[in-house]
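Work the whole structure out from these sequences, hints included.
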Amino acid sequence: MSDSEEEVTNIGTYEGERNEIGERHGKGKNVFPNADEFQGMYEKGVRSGEGQYTWAYLGVKYNGEYSNGKRNGQGTMTYTNSSVYTGQWEDGARHGHGTYTYPNGDVYEGEWEKGVPSGHGKYTIARNKSILEGTWVRGRITDGDYRFPDGTFYRGEFRMNQPFGRGEYHFPQLDADEMIVKGETTEPNPPEIEPEEDEEEEEEEEEEVDENGEPVPKPEKVKEIKDERMRRMTTVFTPTPRR
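FYI, the numbering used here numbers position 218 of the sequence shown as 218, with every residue one higher than the one before it.
Please note: incorrect hints may appear among the correct ones.
To be verified - Below are the EDC-like pairs computed for lysine to aspartate or glutamate, each with C-alpha atoms no more than 20 Å apart in a straight line: (1) Lys114 x Glu90; (2) Lys27 x Glu17; (3) Lys27 x Glu43; (4) Lys70 x Glu50; (5) Lys44 x Asp91; (6) Lys129 x Asp106; (7) Lys70 x Glu23.
Unchecked claim - Label-pair distances were calculated between CB atoms; the ranges are: (8) Gly92 x Gly26: 19 to 27 Å; (9) Glu15 x Val60: 21 to 29 Å; (10) Val84 x Arg159: 23 to 31 Å; (11) Asp36 x Gln74: 16 to 24 Å; (12) Thr13 x Gly151: 58 to 66 Å; (13) Ser67 x Val116: 39 to 47 Å; (14) Arg140 x Asn34: 49 to 57 Å.
It should be emphasised that the hints constitute simulated quantities derived from the structure, not laboratory data.
All residues carry an ideal CB built from backbone N, CA and C; glycine is no exception.
Structure (structure tokens):
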């Protein structure tokens, strides 16, 4: 926004440097009529360079780079609900590589386009340490891996952030019949990535550990995992031993 445009809409109070024609130029502080506040660098009347903008009513704060009066470059936005985004911005939107931490501890790290996850990215679910990693389109994963803490993982297609379509389940925790199960998932298994809602973590029984301190899956638990994964596959090929 130019200096003349801001004069029309009442820019509030400004303290800081100006150039020879009176434009805000250099370091300054602007408090707007609605109590929003900007502190940082100006160039010819517009925000340009490092700066910090605080939305008084919302309690949101941005600290980072500006260009042409908009958030452009590297910056951090802290939101009212304690969410935090740190990464690249373009024309005021999250764009490029960045990390978004949600109130419940979930984290998305990867590529963004016009404010939403797009490109390669990794989403970590804090509640159970599961990870979705792959290709994201308009905020949803479409192809990639869904990894579970016990080492089991699904690799294939997704729909609505859920395993759906062609894919395969890997069971590296099995000893005698370690295998890969391939097929087509038609009853999606929701990965539960609802960042806006905090969920209480259920208590778990203590696990046995081997000599390296790694969890030893109980036989009934291994069977339960395997049966549950295979139940969700309508077309299951002959299990193939891993090589």
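Each hint tested on the structure:
| no. | hint | in the structure |
| --- | --- | --- |
| 1 | Lys114 x Glu90 | 8 Å, holds |
| 2 | Lys27 x Glu17 | 6 Å, holds |
| 3 | Lys27 x Glu43 | 9 Å, holds |
| 4 | Lys70 x Glu50 | 11 Å, holds |
| 5 | Lys44 x Asp91 | 18 Å, holds |
| 6 | Lys129 x Asp106 | 9 Å, holds |
| 7 | Lys70 x Glu23 | 17 Å, holds |
| 8 | Gly92 x Gly26: 19 to 27 Å | 23 Å, holds |
| 9 | Glu15 x Val60: 21 to 29 Å | 23 Å, holds |
| 10 | Val84 x Arg159: 23 to 31 Å | 29 Å, holds |
| 11 | Asp36 x Gln74: 16 to 24 Å | 22 Å, holds |
| 12 | Thr13 x Gly151: 58 to 66 Å | 60 Å, holds |
| 13 | Ser67 x Val116: 39 to 47 Å | 22 Å, violated |
| 14 | Arg140 x Asn34: 49 to 57 Å | 35 Å, violated |
Going through the hint list in order, the structure does not satisfy hints 13 and 14.
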